[in-house]
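Put together the whole structure using the sequences plus the hints.
Those sequence lines, one after another, are chains A and B.
Counting along the first sequence from 1, when you hit position 93 you're at 93 in the working numbering, and nothing is skipped either side.
Counting along the second sequence from 1, when you hit position 53 you're at 53 in the working numbering, and nothing is skipped either side.
Just so you know, these hints were derived from the structure itself, not from any lab.
Treat the numbers as computed from the prediction; the structure is a model and nothing was measured.
Mixed in with the good hints, there may be bad ones.
To be verified - Label pairs and their in silico Cβ distance ranges: (1) A/D67 to B/E28: 31 to 37 Å; (2) B/E56 to A/V44: 21 to 27 Å; (3) B/P70 to A/S26: 37 to 43 Å; (4) A/L58 to B/S87: 21 to 27 Å; (5) B/T2 to A/G16: 34 to 40 Å; (6) B/E83 to A/G40: 20 to 26 Å; (7) B/Q80 to A/N24: 35 to 41 Å; (8) B/R15 to A/Q9: 41 to 47 Å; (9) A/E5 to B/E56: 19 to 25 Å; (10) B/Q80 to A/T51: 41 to 47 Å; (11) B/G3 to A/S12: 27 to 33 Å; (12) A/K57 to B/E68: 37 to 43 Å; (13) B/E83 to A/R60: 42 to 48 Å; (14) A/T62 to B/Q17: 45 to 51 Å.
Cβ atoms here follow ideal geometry from the backbone N, Cα and C, with glycine treated the same way.
Here is how the chains run, residue by residue.
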Amino acid sequence: TQLLEQSPQFLSIQEGENLTVYCNSSSVFSSLQWYRQEPGEGPVLLVTVVTGGEVKKLKRLTFQFGDARKDSSLHITAAQPGDTGLYLCAGPYNQGGKLIFGQGTELSVKP
Amino acid sequence: DTGVSQDPRHKITKRGQNVTFRCDPISEHNRLYWYRQTLGQGPEFLTYFQNEAQLEKSRLLSDRFSAERPKGSFSTLEIQRTEQGDSAMYLCASSFQRGNTGELFFGEGSRLTVL
Numbered sequence: 001t002q003l004l005e006q007s008p009q010f011l012s013i014q015e016g017e018n019l020t021v022y023c024n025s026s027s028v029f030s031s032l033q034w035y036r037q038e039p040g041e042g043p044v045l046l047v048t049v050v051t052g053g054e055v056k057k058l059k060r061l062t063f064q065f066g067d068a069r070k071d072s073s074l075h076i077t078a079a080q081p082g083d084t085g086l087y088l089c090a091g092p093y094n095q096g097g098k099l100i101f102g103q104g105t106e107l108s109v110k111p
Numbered sequence: 001d002t003g004v005s006q007d008p009r010h011k012i013t014k015r016g017q018n019v020t021f022r023c024d025p026i027s028e029h030n031r032l033y034w035y036r037q038t039l040g041q042g043p044e045f046l047t048y049f050q051n052e053a054q055l056e057k058s059r060l061l062s063d064r065f066s067a068e069r070p071k072g073s074f075s076t077l078e079i080q081r082t083e084q085g086d087s088a089m090y091l092c093a094s095s096f097q098r099g100n101t102g103e104l105f106f107g108e109g110s111r112l113t114v115l
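Laid out in structure tokens, this is it:
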């Protein structure tokens with residue numbers, strides 16, 4: 001059983017479309033992080049959200065942390081082929097030092 | 001290059017052999033993590049260190065896996081008597097942790113293939 005459930009697992013869209021990726025849990029997290037991973041490389045941090053209800057923007061990417069700190073979403077506006085990759089949410093397990101990951105959302109943006 | 005480095009990048013071995021992976025973290029980072037990742041899936045936690053102390057080890061790991069971080073610097077992950085199910089990417093990450101929130105910096109991984 002995944003503590004962090006991501007949906008959808010796969011997403012294939014055309015350039016210019018919008019999309020949202022979800023990260024859900026039945027547990028409360030003190031913070032959640034979003035990473036992006038390209039083939040053959042390690043994940044790279046995009047953002048950390050800490051406060052319930054927080055919204056952070058990174059160019060065309062908008063991240064939101066749920067009010068109850070049990071879920072988060074990533075919205076991409078006008079997706080581009082360069083956005084292709086594996087998007088991962090992660091959070092500290094039991095608010096300790098162990099960081100656990102969701103199973104990832106594999107995004108493919110076709111030109 | 002001052003990022004996290006892992007060695008070797010690729011390892012092909014026969015079932016039953018032992019393998020060892022090395023990770024050199026970013027020098028000022030106090031935490032070091034090992035993860036295992038299969039294709040298209042998220043990283044699965046294996047273990048982590050704070051300085052030289054191993055603070056947690058996944059219950060999913062069998063006794064064939066062991067990790068060390070002598071002197072709180074580089075770390076090694078050894079897999080004894082490898083099995084085909086051990087084939088995966090082994091990722092190392094380091095962070096400078098204050099409290100529970102900190103950015104993990106990942107290496108490029110060590111890909112293991114067990115024949």
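Consistency of the hints with the structure:
Look at A/D67 against B/E28: about 36 Å separates their beta carbons, and that is inside 31 to 37 Å. At about 24 Å, the CB distance of B/E56 to A/V44 agrees with the hint of 21 to 27 Å. As the Cβ distance of B/P70 to A/S26 is approximately 39 Å, the hint placing it in 37 to 43 Å holds. The supplied range of 21 to 27 Å is broken by A/L58 and B/S87, whose beta-carbon atoms lie about 35 Å from each other.
Evaluation of the 34 to 40 Å hint for B/T2 and A/G16 yields a pass: the beta carbon distance comes to about 38 Å. The supplied range of 20 to 26 Å is met by B/E83 and A/G40, whose beta-carbon atoms lie about 24 Å from each other. Checked against the hint of 35 to 41 Å, the pair B/Q80 and A/N24 passes, with Cβ atoms roughly 37 Å apart. Separated by about 30 Å at the C-beta atoms, B/R15 and A/Q9 break the suggested range of 41 to 47 Å.
With their beta carbons about 22 Å apart, A/E5 and B/E56 fall inside the hinted range of 19 to 25 Å. Taking the beta carbon of each, B/Q80 and A/T51 are about 45 Å apart, inside 41 to 47 Å as hinted. At about 31 Å, the CB distance of B/G3 to A/S12 agrees with the hint of 27 to 33 Å. The hinted window of 37 to 43 Å between A/K57 and B/E68 holds, with their beta carbons roughly 42 Å apart.
Hint check: B/E83 to A/R60, Cβ distance near 43 Å, so the stated range 42 to 48 Å holds. About 48 Å separates the C-beta atoms of A/T62 and B/Q17, a value consistent with the hinted range of 45 to 51 Å.
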